[in-house]
Amino acid sequence: MAMAEKVIPTRKQQYQSWVAWLGLLPFFAFAIAFEIIPIIRLVRSSITGAQGEITLEPYVRVMTPWVVQAFKNSFRLSGLTAFLGMITGTLVAYAIIRTRNKVMRESVTALADVTTNFGGAPLAFAFIITLGSTGIITLVLKEFFGISLYPNFRIYSISGLTIAYLYFQIPLMVLIMIPSLLGLKREWQEAASNLGASNLEYWWRIALPILAPALIGGFILLFANSFGAYATAWTLTGPEINLVPIQIAALIRGEVQLDPAAADALASISLMLMAMCVAGYQLAIRRARRFQK
Amino acid sequence: MKNRGIMRGTMLGIFLFYMIIPLVATIIFSVSTRWDHTILPEGLTMEWWQAVTSRRAFGMTLKNSMIVAFWTVLFSVLLVTPTAYWAHMRVPKAKPWIELMTILPFGIPGVILALALIRFYSSVPLPIINTPAILVAACMVISLPFMYRPVNNALEAIDIRSLSEAGLSLGAGWGQILVYVIIPNIIPGIINGALLVFSTVFAEFTLSNLLLGSRFKTFPIYLVEFTRFDGRQASALAVISFTVAWLTSLALLRLVRGRTHLEEAVGAR
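Line by line, the protein sequences give chains P and H. Here my numbering runs 211 ahead of the position in the first sequence, where the first position is 1. Under my numbering, the residue at position 43 of the second sequence is numbered 35, and the numbers go up by one with no gaps.
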């Protein structure tokens, strides 16, 4: 990377530099045609009225109580799985790096790496087999512990989705936290304890502030990860569950009366939220990397 | 101190249990005669595997997924590799823009990308709507980050300027340098990206379902249809999906020691 900046361009190269941009044309043409323009058109159409005037009316129209409930449900599901995923993932990551058994450490890390790739339809179905009304864990709990999960719990519900989403959220958090936890130097803990800090004080006043960017970045990534998730929810619960991606998909598939401007408004709100997540994640993770080397 | 060791062991034990049980249950379910009211399956059989794999739709959907994955990987490699090289070598100013284009897909959920593409391409005279071409294009968008990051990291790890200048001074053209000098040096990065793209696209349900649906059924669509009407055959299909994801992860861990960026784990939900 440094090499590129060191070489002083000759006059001929400077003259050619705008020609060199042409070499990037295919890439930018693709990105603009399939990424930028469709998204800009979508946002623009959400604020354009029938006569071409700028209006926020589609936003008002789309915010029916049913859609407001979809946002509440999506926020609750994403917030809960991101929070639980953050806490559990961090504890598991800590257990992994402190384990003296090398085989255990490497195999659990590899497992986390592989399972973050398991998602969508097959994962949802695996949870139906495990925790469905005749699932194996449901049967074991009933037989050996006398606990009847059903009818109070249903895997085909938001609480069921929480358990299924955690399956890909926790390993993702584990992978985020391992480098940050490895960045905590043993000398810092020793120095703190030499200065009279208790173990708790060390964690609260030294380790936590250092880990904070990674924790926040991880939370944001997990939140966005589940806010946009569609395949798992669709397979597990079908169209009955009221979540934002399910509502958008229903608008595309024409399951509810087609109202393009409303669909665009709904999508634009989600996009704004996702854009904030991506920006927040980039900021947090940049800070987190400072302590990782 | 000993207590902490036990705590850690318990923590890892619960984690392993939670991660492994659904997978093992799915595998056993797919070879069980009946397993819905007893703790252990009543018997073992390959019946469901035979039934599901002998259907014509099985081969067709598997082929369709492979076709989409193949073209997406091919076009992504062809689009991203020369671009990353050229930007690195001749237009460093363009790099932040390229990075922006490759970060944006993280913020675009599949349902929204599908909606945006349908809305735009049904209003222009380019006839790609409702054809597999739009699915390949959409899959390329979501795989831009997976492809660009590893290739760019590989480029930054070697001294491509010296290599290119050596090539130029020996009279080679840019194309020759790229094919004979640069690509052999960054091939691990390209393979890394290609594997990530492949596993993402193979498992992609949202885009294929919303963009094409029954017009061009992919493997995950076939799987979801089965979950609604025959659980045991669906479980065999789920095992196949897990195996594909597992093999690609294994190849990644083996070949290139894992992913270069965690965001690569986001996708296909």
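What the hints contain is simulated information worked out from the structure, not anything from laboratory work. Check before you lean on any hint, since a few could be wrong.
Stated by the list, open to error - Now the stretches of chain H that chain P is said to cover, found in silico as 3 or more residues with beta-carbon under 8 Å:
#	region
1	69 to 77
2	102 to 114
3	221 to 228
4	234 to 242
To be verified - The following label-pair restraints were derived from C-beta to C-beta distances:
#	chain 1	residue 1	chain 2	residue 2	range
5	P	I243	H	T123	19 to 27 Å
6	P	G394	H	W238	23 to 31 Å
7	P	R464	H	R(-4)	51 to 59 Å
8	P	E398	H	G1	49 to 57 Å
9	H	G1	P	K353	25 to 33 Å
10	P	T275	H	L92	32 to 40 Å
11	P	P450	H	D151	52 to 60 Å
Just so it is clear, CB atoms sit at the ideal spot from N, CA and C, and this is done for glycine as well.
Going down the list of hints, with the structure as the test:
1. Restraint check on the region 69 to 77 of chain H versus chain P: 4 residues with Cβ-Cβ distances below 8 Å, three needed, restraint holds.
2. Residues of the region 102 to 114 of chain H lying with their CB closer than 8 Å to a CB of chain P number 12, which satisfies the three-residue condition for coverage.
3. For the region 221 to 228 of chain H, the assignment as covered by chain P holds, since 3 residues bring a beta-carbon within under 8 Å of that chain's beta-carbons and 3 suffice.
4. Three residues within the 8 Å Cβ limit are the bar, and the region 234 to 242 of chain H against chain P gives 6, so the coverage statement holds.
5. P:I243 and H:T123 have their C-beta atoms about 21 Å apart, which keeps the hinted 19 to 27 Å range intact.
6. Take P:G394 and H:W238: their Cβ atoms lie about 30 Å apart, and the range 23 to 31 Å holds.
7. Roughly 52 Å separates the CB atoms of P:R464 and H:R(-4), a value that falls within the hinted 51 to 59 Å.
8. Separated by about 27 Å at the C-beta atoms, P:E398 and H:G1 break the suggested range of 49 to 57 Å.
9. Against the hinted window of 25 to 33 Å, the Cβ-Cβ separation of H:G1 and P:K353 comes to about 28 Å, which satisfies the hint.
10. For P:T275 and H:L92, the hinted distance range of 32 to 40 Å is satisfied, since their beta carbons lie about 35 Å from each other.
11. Roughly 55 Å separates the CB atoms of P:P450 and H:D151, a value that falls within the hinted 52 to 60 Å.
Violated hints amount to a single one, hint 8; each of the other numbered hints is respected by the structure.
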